[in-house]
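Take 140 as the starting number for the first sequence in this note's numbering and just add one per residue.
Mixed in with the good hints there might be a few duds.
[Stated by the list, open to error] Quick list of in silico lysine-lysine cross-link-like pairs, DSSO-like style, CA-CA up to 30 Å:
1. K593 to K612
2. K220 to K437
3. K593 to K244
4. K555 to K625
5. K376 to K244
These are calculated hints, taken from the structure and not from any lab test.
Everything numeric in this text was worked out from a predicted model, so none of it was measured.
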Amino acid sequence: MTSGTPQITLYNTLTRTKEPFRPIDANNVRMYVCGPTVYDFAHIGNARPVIVFDVLFRLLRQVYGADHVTYVRNITDVDDKINARALRDYPDLPLNEAIRKVTEKTEAQFLSDAERLGNLPPTWQPRATDNIAEMQVLIGNLIQRGHAYEANGEVLFSVQSMPDYGQLSGRNLEDNLAGARIAVDAHKRNPADFVLWKQSSVEEPGWDSPWGRGRPGWHIECSAMSERYLWDEIRDKLSPEAHRHPHAFDIHGGGLDLIFPHHENEIAQSRCAHGTHAMANIWMHNGFLQVEGQKMSKSLGNFYTISQLLDSEDFGGRKWPGEVLRLAMLMTHYREPIDFSVARLEEADRMLRKWARVYVQSSDECYLADWAVEALADDLNISELWARLHSLARQAEQDASIGRDVTATLNALGFKGLFLKLSGAPGTTDGEDSAIEALVTARLAALNAKDFAKADAIRNELAEQGIALMDYKDENGERQTKWEVKR
RNA sequence: GGCCUCGUGGCGGAGUGGUGACGCAGCGGAUUGCAAAUCCGCGUACUCCGGUUCAAUUCCGGACGAGGCCUCCA
């Protein structure tokens with residue numbers, strides 16, 4: 140690593156402290172984030188980790204080089220909730236076909252949502268069903284090493300076979316038992332043992348395995364997919380140092396709620412299957428969000444999917460551009476809770492409109508300026524980034540050259556799309572705005588002829604279309620007009 | 001019951017053991033044909049109670065309040 144590389148600091152759930160980020164192999168930075176289970180449209184809460192870790196991905200790409208970061212986000216397409224949904228929605232189809240319909244449709248919707256929220260596609264987006272063999276290998280290893288056993292048609296992970304089980308969530312087996320809400324299954328050696336493989340009935344989806352025709356448990360999927368894409372597939376490229384820490388990768392992320400049991404169990408599986416000390420070095424978790432001050436739930440009527448916010452007027456009586464949703468999510472540090480509200484979206488909308496005035500439409504440059512990297516390097520301190528951007532945007536209003544960094548940084552943060560439609564000036568936009576431009580030009584002519592009545596009439600006409608005009612004088616003292624979409 | 005977070009001005013939101021980040025909204029002024037935009041100015045906030053300290057919003061303890069996990073969940 141060169142001395143010029145900024146030092147990134149990240150909060151590690153494993154140690155509950157901020158730590159300097161030191162990739163195992165700086166030429167191959169590896170990150171895994173738990174993706175969606177594709178049984179239903181993603182809601183706005185699901186969008187948070189997608190956006191948060193996209194920002195981290197973009198930061199890492201900038202610091203270590205775009206070709207030196209591997210980001211995996213899985214698609215869970217085998218799950219009992221999916222089966223239930225398939226039965227409900229396609230009762231007349233054979234189950235496997237119905238499942239495929241559900242998962243394909245939901246996955247396509249998720250990918251579209253993610254893109255419209257300004258996220259880059261991860262390096263890999265593996266599906267669980269394409270990695271069944273990898274899961275079986277892991278399960279076989281676990282059995283062989285004495286960490287898993289068959290009972291009652293299931294393969295179970297034995298938590299007491301792992302002395303330091305519970306490290307991530309900071310809980311021990313005794314504490315868990317004290318809660319006494321864990322279902323007592325007679326076939327489990329310990330109530331906290333969890334399923335790695337379970338048998339499927341004839342009509343349920345299943346794969347042949349040494350333990351009978353069945354399907355994987357939830358946790359094993361992520362262990363298998365991270366292993367495949369962050370170790371197996373790139374091990375030949377990894378440094379000698381990385382080979383001294385086989386199977387381990389740099390960052391594992393997800394929502395706060397996944398700490399236990401999901402991530403805890405992933406760690407147990409991956410470490411015990413390979414006999415290693417770490418699955419990932421840094422574990423990151425984003426905070427939860429509420430909607431209008433309450434936990435989002437269908438019964439409270441404050442449950443919103445991403446596509447609903449984008450395309451319907453269900454929330455606040457209007458549609459919200461993806462970039463507005465994105466900024467609303469990024470107004471707060473990723474570990475803090477967010478109250479997702481109409482007021483918050485309106486504020487995000489106003490912030491973007493302000494920046495649109497200094498945004499250089501013609502620029503395709505896309506990089507995080509030094510001041511942005513510096514802010515994000517401190518555990519993704521995005522508030523600090525906005526503070527700096529605000530200050531520079533104010534200067535850019537007077538000095539256009541500063542707008543270049545601001546523009547490139549906004550592009551690099553995934554906000555480009557909105558700015559292209561938000562505002563313009565004659566000659567700077569493409570064909571679809573020509574009607575606006577014609578009126579603006581006509582109004583300028585009226586103004587120069589001191590026909591203020593006509594000029595105001597044109598301005599009112601445009602205002603009714605949601606276009607606001609702003610007059611200013613150019614460097615020659617000539618009157619010019621800019622316009623922006625008020626919505 | 002156990003384990004975690006968190007509590008900053010009207011709102012959003014960083015940060016810090018000692019001069020009130022930053023933004024949104026609001027108010028006053030400059031500018032403008034009128035506007036808008038812009039510029040200048042305006043706010044003495046850190047839940048409460050103890051403790052440590054010369055000094056605490058910042059550290060420690062407690063109370064109260066909010067949220068999460070312990071069961072599918074971002």
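Against the structure, the hints:
1. K593 to K612: Holds, at about 20 Å.
2. K220 to K437: Holds. K220 to K437 sits at ~17 Å (cutoff 30 Å).
3. K593 to K244: violated (53 Å)
4. K555 to K625: With Cα atoms ~18 Å apart, K555 and K625 stay inside 30 Å; holds.
5. K376 to K244: violated (35 Å)
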